[in-house]
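Q: Sequence:
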Amino acid sequence: MLSLAVSADEPQTDARTFIPNPPKAKENFSPTQKCIEPVDIMRSNHGEFLKHHRDDTMHRGVRTIKYSLVACINCHVTKSADGNYPSIKKGSEHFCRSCHTYAAVSIDCFQCHASKPIEPFSR
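By this note's numbering, the letter at position 66 of the sequence shown is numbered 66, and the numbering carries on one by one without gaps.
It is worth saying that the hints were derived from the structure and are not from the lab.
There may be inaccurate statements among the hints.
What the hints assert, rightly or not - Taking lysine-lysine pairs in the DSSO-like style, the calculated list, with each CA pair at most 27 Å apart, reads:
id	residue 1	residue 2
1	Lys34	Lys116
2	Lys89	Lys66
3	Lys66	Lys24
4	Lys79	Lys24
5	Lys89	Lys26
6	Lys26	Lys116
As the list claims (entries may be wrong) - Simulated restraints, written as ranges between beta carbons of each label pair:
id	residue 1	residue 2	range
7	Gly91	Arg60	12 to 22 Å
8	Thr57	Lys26	37 to 47 Å
9	Asp82	Asp56	31 to 41 Å
10	Pro20	His113	35 to 45 Å
11	Val70	Lys24	13 to 23 Å
For every residue, glycine included, the Cβ atom is placed at its ideal position computed from N, Cα and C.
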């Protein structure tokens with residue numbers, strides 16, 4: 001029994017173990033900062049930032065870029081080697097899905113929002 005308890009705390013290096021490796025952002029937010037907030041804060045609080053921004057937009061009519069899901073998608077969702085954007089519905093290549101699959105967290109953002117960057121409008 002003791003050996004089971006000890007081995008349960010050790011990280012698994014089995015080939016079947018999935019560790020998320022989200023694609024890197026297209027550019028840094030500033031010369032000194034990668035994202036709009038430090039990475040550790042974004043990892044733990046991005047859901048709260050997005051919910052607060054959603055509430056400001058939906059209930060108070062306040063529209064800003066900071067903490068905007070569109071801004072996140074435009075920066076973090078990148079094309080794969082074949083030139084296509086990854087699917088939010090399958091695989092783990094999509095920026096959001098890579099960690100949310102690992103954490104077993106379902107996201108409903110993309111029932112309404114686009115899951116790939118908005119391409120510039122051309123005439």
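Q: Within 27 Å, alpha carbon to alpha carbon, are Lys26 and Lys116?
A: Status holds; Cα separation ~13 Å.
Q: Next pair to validate is Lys79 with Lys24; report whether the Cα-Cα distance is within 27 Å.
A: 11 Å, holds
Q: Lying within 35 to 45 Å: is that true of the beta-carbon distance Pro20 to His113?
A: Cβ of Pro20 to Cβ of His113: about 21 Å, so the range 35 to 45 Å is violated.
Q: Check whether the Cα positions of Lys34 and Lys116 lie no farther apart than 27 Å.
A: Since the Cα atoms of Lys34 and Lys116 sit roughly 20 Å apart, the hinted pair holds (cutoff 27 Å).
Q: Within 27 Å, alpha carbon to alpha carbon, are Lys89 and Lys66?
A: 26 Å, holds
Q: Does Lys24 sit within 27 Å of Lys66, going by the straight-line distance between their CA atoms?
A: 19 Å, holds
Q: Do Thr57 and Lys26 keep their Cβ atoms within the hinted range of 37 to 47 Å?
A: 24 Å, violated
Q: Lying within 12 to 22 Å: is that true of the beta-carbon distance Gly91 to Arg60?
A: Given range 12 to 22 Å: violated, Cβ gap about 36 Å.
Q: With a cut-off of 27 Å on the C-alpha distance, tell me whether Lys89 and Lys26 pass.
A: Measuring from Cα to Cα gives roughly 22 Å; hence the hint holds.
Q: Quick check: does the Cβ-Cβ distance between Asp82 and Asp56 fall within 31 to 41 Å?
A: Holds: the Cβ-Cβ distance is about 37 Å, inside 31 to 41 Å.
Q: Taking the CB of Val70 and the CB of Lys24, does the distance hold inside 13 to 23 Å?
A: For Val70 and Lys24 the Cβ distance comes to about 19 Å; the hint holds.
Violated hints, listed in ascending order, are 7, 8 and 10; each of the other numbered hints is respected by the structure.
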